[in-house]
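Taking this note's numbering, I'd label the letters of the sequence shown as residues 15 to 439.
Because the hints were derived from the structure by calculation, they are not lab data. Note that beta-carbon positions come from the ideal geometry of N, C-alpha and C, so glycine has one too. Careful, some of the hints might be misleading.
Pairs of lysine to aspartate or glutamate, DMTMM-like flavour, derived with a Cα cap of 20 Å [to be verified]: (1) K335 <-> E348; (2) K33 <-> E314; (3) K204 <-> E147; (4) K204 <-> E220.
Label-pair distances were calculated between CB atoms; the ranges are [stated by the list, open to error]: (5) G382 <-> P404: 35 to 41 Å; (6) A328 <-> G174: 50 to 56 Å; (7) D225 <-> L28: 40 to 46 Å; (8) E224 <-> A321: 51 to 57 Å; (9) P175 <-> D145: 16 to 22 Å; (10) P320 <-> E38: 15 to 21 Å; (11) N112 <-> A39: 30 to 36 Å; (12) R144 <-> E64: 40 to 46 Å; (13) I340 <-> R267: 47 to 53 Å; (14) K406 <-> G174: 40 to 46 Å.
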Amino acid sequence: MAGHSRETDFAKRLIPVAKPFFTEAEVKAAGEVISSGWVAQGPKVREFEEAFRAYVGADHACAVANATAALHTALLAAGVNPGNIVLTVSHSFIATANCVRYCGGEPVFVDIDSETFNMSAQGLSECLQRDCETRSGRLYYKNAAGLAVGASPLVHLKPGPEFGRVAAVLAVHQMGMPCDLRSIIPLARKFHLPLIEDAACAAGSEILMEDGGRWEKLGRPHGDMACFSFHPRKILSTGEGGMITAQRAEYDRRCRRLRHQGMTISDAQRHESKEVMVEAYPEMGFNYRLTDIQAAVGIEQMKKMPALIARRRALAAVYLKELAQIPWLAVTKEPPFCRSNWQSFPVRLLEGAPMDQTAFMQYLLDNGVATRPGIMNAHEEKPFAAARRPLKHSETARRSAVILPLFHTMEENDIGYIVNLIKHA
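Construct the entire structure; sequences and hints are all you get.
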């Protein structure tokens with residue numbers, strides 16, 4: 015039959031790692047926006063921002079083109095300047111590290127907690143106390159000159175008051191698992207550092223900030239700003255898209271200006287005004303706007319969030335139960351202060367596993383199950399390798415972790431099939 019091949023048959027029977035969940039509601043909403051004629055950033059973006067703001071409990075929410083744009087914008091709004099240092103993790107999608115360099119700064123990498131794949135609070139504390147020093151009331155990274163190598167923007171900068179200044183902490187909620195904000199926030203506050211949360215994967219995840227308190231969604235935010243992604247691998251998807259939530263109005267105002275080429279008024283403000291409005295451009299900005307088409311999809315996705323997260327948590331519970339007795343496999347368990355949205359379901363191959371990471375993934379693929387390797391490490395990639403230093407837990411995680419399929423329309427018998435394959439590996 016024309017167009018038929020073994021490859022198409024294989025794709026049809028493959029259990030994917032992830033799959034967005036759209037219905038006719040999203041199709042209808044996007045179509046209505048197209049029919050309206052207002053397809054760029056406009057009223058639907060504002061409606062989406064308000065829905066997301068209310069959902070996470072933030073005071074402000076600013077929609078942008080993607081999570082990379084969100085991180086870049088948030089770092090600039092927090093005051094990261096050329097020559098500055100941002101303390102973050104290598105064990106994250108490379109966009110986390112790239113965004114620091116977009117600001118003209120340089121990331122200094124802290125190792126992770128091997129159980130959660132998130133920033134180690136102890137590692138952050140050691141970095142702040144051992145590798146940093148206070149000069150004239152400001153915190154500096156002692157060996158900033160040693161970072162001025164390879165592709166680092168520090169190579170092209172002369173020493174000055176901004177060179178080596180530690181400007182922010184950027185903590186990642188990896189794969190939807192909340193990081194230890196209960197320990198990280200006090201450290202950032204002690205050293206007077208803004209805290210940006212890379213919550214790209216974490217829409218709907220919850221944290222208990224104090225024992226006996228109430229569960230709160232990530233994105234309030236608990237730091238200064240939180241950045242989200244709406245990529246198709248995320249639970250809430252608009253195709254591409256991002257959101258910055260903030261508690262302080264000045265952060266929100268700066269983010270809104272930066273996303274729109276530094277412009278002081280929005281198209282919506284101009285459209286709604288009964289008087290002529292002439293904009294100004296007090297600083298350089300970017301074209302980081304979300305479209306109303308994407309926002310319309312996001313509004314419909316927001317309505318599904320409780321069901322989407324409940325389903326993922328139920329599926330994750332099946333995985334956790336069924337995989338618990340495999341001695342050479344470690345599952346990721348939620349710390350007592352966390353409720354993950356289970357954006358991904360990672361496992362770790364332990365010593366004594368019957369095969370290595372690559373062979374394990376190939377075995378599952380040969381049997382119709384797609385997987386992904388553990389999260390990458392930026393310091394092991396060429397752009398960041400020149401100033402590389404050992405990060406034991408990050409490196410072990412990269413080589414031992416495997417992400418198993420998890421998506422809304424997945425059935426429990428799919429998990430049963432995957433678990434049976436693993437048990438007989």
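Structure-based check of all given hints:
no. : hint                      : result
1   : K335 <-> E348             : holds, 13 Å
2   : K33 <-> E314              : holds, 17 Å
3   : K204 <-> E147             : holds, 13 Å
4   : K204 <-> E220             : violated, 24 Å
5   : G382 <-> P404: 35 to 41 Å : holds, 38 Å
6   : A328 <-> G174: 50 to 56 Å : holds, 55 Å
7   : D225 <-> L28: 40 to 46 Å  : holds, 44 Å
8   : E224 <-> A321: 51 to 57 Å : violated, 29 Å
9   : P175 <-> D145: 16 to 22 Å : holds, 19 Å
10  : P320 <-> E38: 15 to 21 Å  : holds, 19 Å
11  : N112 <-> A39: 30 to 36 Å  : holds, 35 Å
12  : R144 <-> E64: 40 to 46 Å  : holds, 44 Å
13  : I340 <-> R267: 47 to 53 Å : holds, 52 Å
14  : K406 <-> G174: 40 to 46 Å : violated, 34 Å
Violated hints, listed in ascending order, are 4, 8, 14; each of the other numbered hints is respected by the structure.
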